[in-house]
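Number of protein chains: 2
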Amino acid sequence: MSSPAKRAVVLCSGGLDSTVTAAEAKAVGHELYLLSVNYGQRHVVELKRVPEIAAALGARRHLVVEVNLQAIGGSALTAAVPVPKDRPNKEIGSGIPPTYVPARNTLLLALALGWAEVVQAEAIYFGANVLDYSGYPDCRPEFLRAFEALAKLGTKVGVEGKTIRVEAPLLRMTKAEIIRRGLALKAPLHLTHSCYDPDEQGRACGRCDSCRLRRKGFAEAQVPDPVIYKSADL
Amino acid sequence: MSSPAKRAVVLCSGGLDSTVTAAEAKAVGHELYLLSVNYGQRHVVELKRVPEIAAALGARRHLVVEVNLQAIGGSALTAAVPVPKDRPNKEIGSGIPPTYVPARNTLLLALALGWAEVVQAEAIYFGANVLDYSGYPDCRPEFLRAFEALAKLGTKVGVEGKTIRVEAPLLRMTKAEIIRRGLALKAPLHLTHSCYDPDEQGRACGRCDSCRLRRKGFAEAQVPDPVIYKSADL
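Quick note, the sequences are listed as chains F and G, same order.
Residue numbers for the first sequence follow numbering that gives the first Met the number 0, so the first one is 0 and each next one is one higher.
Residue numbers for the second sequence follow numbering that gives the first Met the number 0, so the first one is 0 and each next one is one higher.
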């Protein structure tokens with residue numbers, strides 16, 4: 000009898016980073032359990048792509064958990080605060096941006112941890128990155144290590160001596176490196192979506208921090224960006 | 000000008016412990032922000048009482064966040080696993096019971112942390128208890144301290160040097176002590192609900208672990224229990 004596949008829960012928003020993260024988990028032999036969280040984000044359109052991404056990657060399961068974070072508010076991604084546009088790249092990486100969602104990554108990891116415990120996964124894969132979003136406190140490596148320690152103390156599997164690792168393979172990659180890595184792994188980049196503020200047809204604005212970082216990344220990687228932008232002149 | 004009231008987010012399920020916890024937060028001068036989480040628990044009836052509990056305690060706000068943890072499953076409280084009945088008291092406190100919800104308290108605290116950051120609360124109050132539920136890993140003091148450390152690393156306020164404390168004032172109290180403390184603080188115990196498996200009319204079963212602990216607590220405190228049980232002979 001062959002040994003059972005190693006399972007990984009992958010937090011997958013349908014964005015570029017989380018899709019490449021899922022491809023990384025697959026590349027090291029994990030059976031994929033893709034977890035999407037609908038927390039009322041403006042850019043919920045990106046979640047619509049996850050079933051196709053899951054199919055393209057041969058994921059074992061895809062689960063969507065709904066949480067109404069709008070009730071809590073406090074962020075440009077969940078409340079009536081404008082998403083910043085056309086910020087110079089040097090500003091994007093400095094300070095905590097208004098798109099920071101209070102305790103969002105703690106919540107996403109908590110949900111991933113619960114599912115990881117239920118399906119007996121040995122790792123959680125998370126597309127955190129410290130270069131592009133140095134302003135988000137809950138993307139830092141020390142935060143991820145603290146969550147791993149918490150997971151060990153707060154779960155039945157942890158008490159039984161097992162560790163659920165938190166893997167963030169893109170943590171120190173530039174966007175261009177992530178794109179090149181995604182292409183090398185044959186990740187379905189054409190299905191991914193990055194914009195924080197898409198229009199009603201789901202077209203990317205091209206001007207929010209996330210679009211600017213994506214466009215710069217594709218330009219640096221010298222690869223055409225498959226995303227459709229609202230303005231033809233972008 | 001008087002200084003602004005110190006704010007606390009209190010995780011309040013409508014149960015006995017969380018209601019007394021809220022009364023403790025009020026007793027030390029906090030303005031109360033009661034947070035209830037509807038995670039698809041069987042005993043969601045208890046949440047119905049929270050608006051009345053909030054009014055009785057003069058809470059500033061009451062917020063309900065919805066999360067469909069049934070999608071994740073893995074617990075007698077959220078999935079089609081039977082709730083144990085009539086277990087001897089010595090068994091209730093040993094091992095991890097089937098009513099353990101994977102990573103539930105990590106999730107509850109993550110939501111409380113997000114709201115605490117938005118409303119600038121200085122503390123989260125949580126009705127964790129290690130005596131009655133020694134089997135739940137995510138009620139232990141070391142888990143709560145680990146969460147505090149995580150909160151410091153993973154939030155904007157933490158990066159700015161502020162600490163959001165996690166207070167668990169009932170941590171080492173017996174159920175009888177909690178009941179006596181609640182009476183001393185004039186907590187609205189008559190509005191609280193404890194049963195894991197109430198009937199359609201919301202009447203407590205009297206036989207699940209939670210009912211048994213509650214009944215034993217009221218008996219030891221020598222106070223009548225205001226809850227209505229399904230069987231008259233309990």
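Any given hint could turn out to be false.
Chain copies aren't distinguished; within one or between two, either way the pair holds.
[What the hints assert, rightly or not] The calculated lysine to aspartate or glutamate pairs, modelled on EDC-like cross-linking and capped at a C-alpha distance of 20 Å, are:
{"no.": "1", "residue 1": "25", "residue 2": "219"}
{"no.": "2", "residue 1": "47", "residue 2": "141"}
{"no.": "3", "residue 1": "151", "residue 2": "198"}
{"no.": "4", "residue 1": "84", "residue 2": "141"}
{"no.": "5", "residue 1": "155", "residue 2": "141"}
{"no.": "6", "residue 1": "151", "residue 2": "141"}
{"no.": "7", "residue 1": "5", "residue 2": "121"}
{"no.": "8", "residue 1": "47", "residue 2": "121"}
{"no.": "9", "residue 1": "151", "residue 2": "121"}
{"no.": "10", "residue 1": "25", "residue 2": "141"}
{"no.": "11", "residue 1": "5", "residue 2": "51"}
{"no.": "12", "residue 1": "185", "residue 2": "147"}
FYI, nobody ran anything at the bench for these hints, they're computed from the structure.
Going down the list of hints, with the structure as the test:
no.: 1; hint: 25 - 219; verdict: neither (26 Å within a copy, 56 Å between copies)
no.: 2; hint: 47 - 141; verdict: neither (32 Å within a copy, 39 Å between copies)
no.: 3; hint: 151 - 198; verdict: neither (42 Å within a copy, 36 Å between copies)
no.: 4; hint: 84 - 141; verdict: neither (30 Å within a copy, 43 Å between copies)
no.: 5; hint: 155 - 141; verdict: between (23 Å within a copy, 14 Å between copies)
no.: 6; hint: 151 - 141; verdict: both (15 Å within a copy, 11 Å between copies)
no.: 7; hint: 5 - 121; verdict: within (7 Å within a copy, 41 Å between copies)
no.: 8; hint: 47 - 121; verdict: neither (27 Å within a copy, 38 Å between copies)
no.: 9; hint: 151 - 121; verdict: within (12 Å within a copy, 26 Å between copies)
no.: 10; hint: 25 - 141; verdict: neither (25 Å within a copy, 34 Å between copies)
no.: 11; hint: 5 - 51; verdict: neither (22 Å within a copy, 48 Å between copies)
no.: 12; hint: 185 - 147; verdict: neither (29 Å within a copy, 40 Å between copies)
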